[in-house]
Amino acid sequence: MAAGVAAWLPFARAAAIGWMPVASAPMPPPPRDKKRGQDGLIILNVSGTRFQTWRNTLERYPDTLLGSTERDFFFHEETNEYFFDRDPDIFRHILNFYRTGKLHYPRHECISAYDEELAFFGIIPEIIGDCCYEEYKDRRRENAERIQDDEENDNNNDLVMPDLSFRESMWRAFENPHTSTMALVFYYVTGFFIAVSVMANVVETVPCGISLNRAKELSCGERYALAFFCLDTACVMIFTVEYLLRLIAAPSRYKFVKSVMSIIDVVAIMPYYIGLVMTDNEDVSGAFVTLRVFRVFRIFKFSRHSAGLRILGYTLKSCASELGFLLFSLTMAIIIFATVMFYAEKGSSASKFTSIPAAFWYTIVTMTTLGYGDMVPKTIMGKIFGSICSLSGVLVIALPVPVIVSNFSRIYHQSQRAEKRRAQKKTRLARIRAAKSGGANAYLQYKRNGMLVDMEEEASKEAGQALVCKANPTFETQHHHLLHCLEKTTNHEFVDEQTYETSCMEVSLAKPSMSRSSSMSSSPHGLSSCCTRRNKRKSFNVPNSNMAGGRRGSIQELSTIQIRERPLSNSRSSLNAKFEETVPLNSEEPSYITAAVISMPTPPVTTPEGVDLASSHDFLQSNIVRVSAL
Amino acid sequence: MMNLEGLEMIAVLVVVVVFVKVLEQFGLLESGYDDSIEDELELSAVRHRPEALEQLEAQTRFSRKELQILYRGFKNECPSGVVNEDTFKEIYAQFFPQGDASTYAHFLFNAFDTDHNGSVSFEDFVMGLSILLRGSVQEKLNWAFNLYDINKDGYITKEEMLDIIKSIYDMMGKCTYPILKEETPRQHVEIFFQKMDKNRDGVVTIDEFIDCCQNDENIMRSMQLFENVI
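Line by line, the protein sequences are chains A and B. Per UniProt numbering: the first sequence = residues 1 to 630. Per UniProt numbering: the second sequence = residues 1 to 230.
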């Protein structure tokens, strides 16, 4: 029941007196009316902006935050108001919902911010009024697509995992040529050969001079038959090899064989093999010549190389209904006009409109405004209807075209946006990395500076920026204390990545093993020795703010890519990792993992965590980031 | 020598018709009726402001605060200040989602719309409520009689009663227990007339009605039911 109508309930109850004289049974007793003296003004202070409304207004929707007792949690005694630390601009709309019973979506607001506010105040988005619902749904869908796009791209990049078999890495090389040099080379080579093959097909048919024996024009294909044959063979061999490689590498061979691209591949190379098999038999050579037409399908192989072509194909597929409508209406119009023209021209002598199907040609040529002029109406009637035909043709064709165009534009811009986001991602990641590493040192500096009293003068000598740490807010100090407790619990210490790396490289043996399991368990070995050494010396290396080593680029990228994903599971697993003996984490660089057996939990896992926790308040994010980095 | 054959005639006709349509489009040929004036009337919204609070306080039995609350609810739902019959039906229908309350709402609307101008203003609304909630039993019974007397001629006939009873049963909807039968409203009317129509003349006058109700304990008790609604 709409809230506003609740105000009319007293009226409806009063009007029930009209039933009383005709009632067949006695009435039930009325409910106990609780004292309604509560109707006062409520002050809602949302980040400083004061909103006031009647208590009854809010209580119209008792299953939301403001309408239920949940709002008591936000009551602020000193000022006798309810304080919410949220966005006042969006709150305006939420409060209007209580007042008018309709929830509107402001177009200029970000969809996720709005969704968050709705979720906070316990309002389901489905009650958004019809006026704004379309817009809301559209924006939401766009946002979801964008996030999905990002995730897909990230997932694609994720497969930098080492545990890819040869087959999987080959498939990856085929699908994303920019991942490795070999793949890129292969990509360009196949592209080149496709172009060569298509050009050869075209040039084959060009007349190339007159042969002296016969007084007939020879095409280049006949003149240089051997050369063209060799070229064709080479191209087909490359294509065959490529097809077989793809077939081997495909994760699902059946799906691969069914896919459009593989069918195009097969159709492109089959004519050659069929030609080989068939001899110069006169009967089948006609069919053989027809088969050569299929060689032109090689040009479709370019769609692997061109995103634009793929987009075009995708657009046509998605506009199937519009195209179907276009076709249908055209067919209808053609039939109508062909019939009319035929009967109109029946009277005239020597008319070319011999039958209705013959008139089809005229109608099509006229409606598409081609106007070849090979069939022309001669009677007045025919001319009148012919002009109507051409006018209507323009209209019928022009109508569905904008729909197709807008579809294409939308898809094209989406792919442009994805490309741009990918390009910007690198710079964004670099900036985030710099910010993180800046804060990552906070804990280490704290340890150096604030932890042990007797170290202070030493610390201030070592790091010039120790002064910064003295002005730590309470949060920081409490946080550092917590990390310190953790160190004491596990009897390991946090260090920065570089130190860890160097220590690992010292200890690691020469064999780069690609072992996937329990790789992390062996890593701390070197570190513990480093740490104990360092403990005695009580001096730390000044961590570099730029923690990116030579090979670090991909790690960092991988780590920061993971910002948005898999928050809880990873953090939980990483928490467990601290207390477990062996941690089967996926390691980026297994070559640095030694074969030594270690019984202690892995401080490197905790190291970056702690370091990062210091930098950002978003624990989950940082957990993910660092775990995956190792 | 031009011999216009059948199909040629049609062609010429088509051309002429198209020509006329084009002229119409450009306004050179006036044809069809003007419905532009009607559109303009709809644009001006009806606005009504009620009498002052003091006057209403004097005319009804509501306190100032109660009037304030009532007006706020009223204005919220009907910002223009008056309720027309469709809005009234809509609002009333929200309380009875299972059945069809439109007929009864129609009768109710007529009962509230005392000056019969097709819309219920806040004064009408509040006067009606004042009688229903704060009035004496006599006044309430009067009001009920007025409701049943559809054509306001002072007599309730069997047909009028049948309409009223049917509309009340309509509000119940389909899913009832026991299942609503065709003759149930008619039987209900018979029972009512047997009780109320003392002189068996086939109509119920206001005096018969009030007399009868005052002698019926159930009805008297039920009249007091909604005293504390506001």
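Hints are computed from structural coordinates only; laboratory data are not their basis. It is possible that part of the hints are untrue.
Once the Cα atoms are required to be at most 30 Å apart in a straight line, the calculated BS3-like pairs of lysine-lysine come out as [what the hints assert, rightly or not]:
1) K137(A) x K352(A)
2) K102(A) x K65(B)
3) K166(B) x K383(A)
4) K383(A) x K426(A)
5) K195(B) x K174(B)
6) K198(B) x K158(B)
7) K378(A) x K21(B)
8) K75(B) x K21(B)
9) K89(B) x K152(B)
10) K102(A) x K166(B)
11) K352(A) x K317(A)
12) K137(A) x K420(A)
13) K102(A) x K89(B)
14) K166(B) x K152(B)
15) K89(B) x K21(B)
Next on the checklist: So if I understand the rule, the pair passes when the alpha-carbon distance is 30 Å or less; does K198(B) with K158(B) pass?
Outcome noted: holds (14 Å)
Checklist entry - Taken at face value, is the distance from the CA of K21(B) to the CA of K75(B) at most 30 Å? => result violated (49 Å)
Checklist entry - Between K137(A) and K420(A), is the straight-line Cα distance small enough, at 30 Å or below? => result OK: K137(A) and K420(A) at ~25 Å, within 30 Å.
Checklist entry - Within a Cα-Cα threshold of 30 Å, do K102(A) and K89(B) meet the stated pairing? => result holds (20 Å)
Item to check | Straight-line alpha-carbon gap K102(A) to K65(B), limit 30 Å | outcome: holds (27 Å)
Next on the checklist: Holds or violated: K166(B) and K383(A), Cα atoms, limit 30 Å.
Outcome noted: With a Cα-Cα distance of about 68 Å, the restraint between K166(B) and K383(A) is violated, given a limit of 30 Å.
Checklist entry - Has the given pair, K195(B) with K174(B), been kept, meaning a C-alpha gap of at most 30 Å? => result holds (28 Å)
Next on the checklist: Does K21(B) sit within 30 Å of K89(B), going by the straight-line distance between their CA atoms?
Outcome noted: violated (44 Å)
Item to check | Restraint check for K102(A) with K166(B), where alpha carbons must lie at most 30 Å apart | outcome: violated (35 Å)
Checklist entry - Between K137(A) and K352(A), does the CA-CA distance stay at or below 30 Å? => result Violated, at about 57 Å.
Item to check | Given pair status - K426(A), K383(A), alpha carbons within 30 Å | outcome: violated (65 Å)
Checklist entry - Is K89(B) close enough to K152(B), meaning Cα to Cα at most 30 Å? => result Satisfied, since the Cα-Cα distance of roughly 21 Å is no more than 30 Å.
Violation of the numbered hints given earlier is confined to hints 1, 3, 4, 8, 10, 11, 15; the remaining hints are satisfied by the structure.
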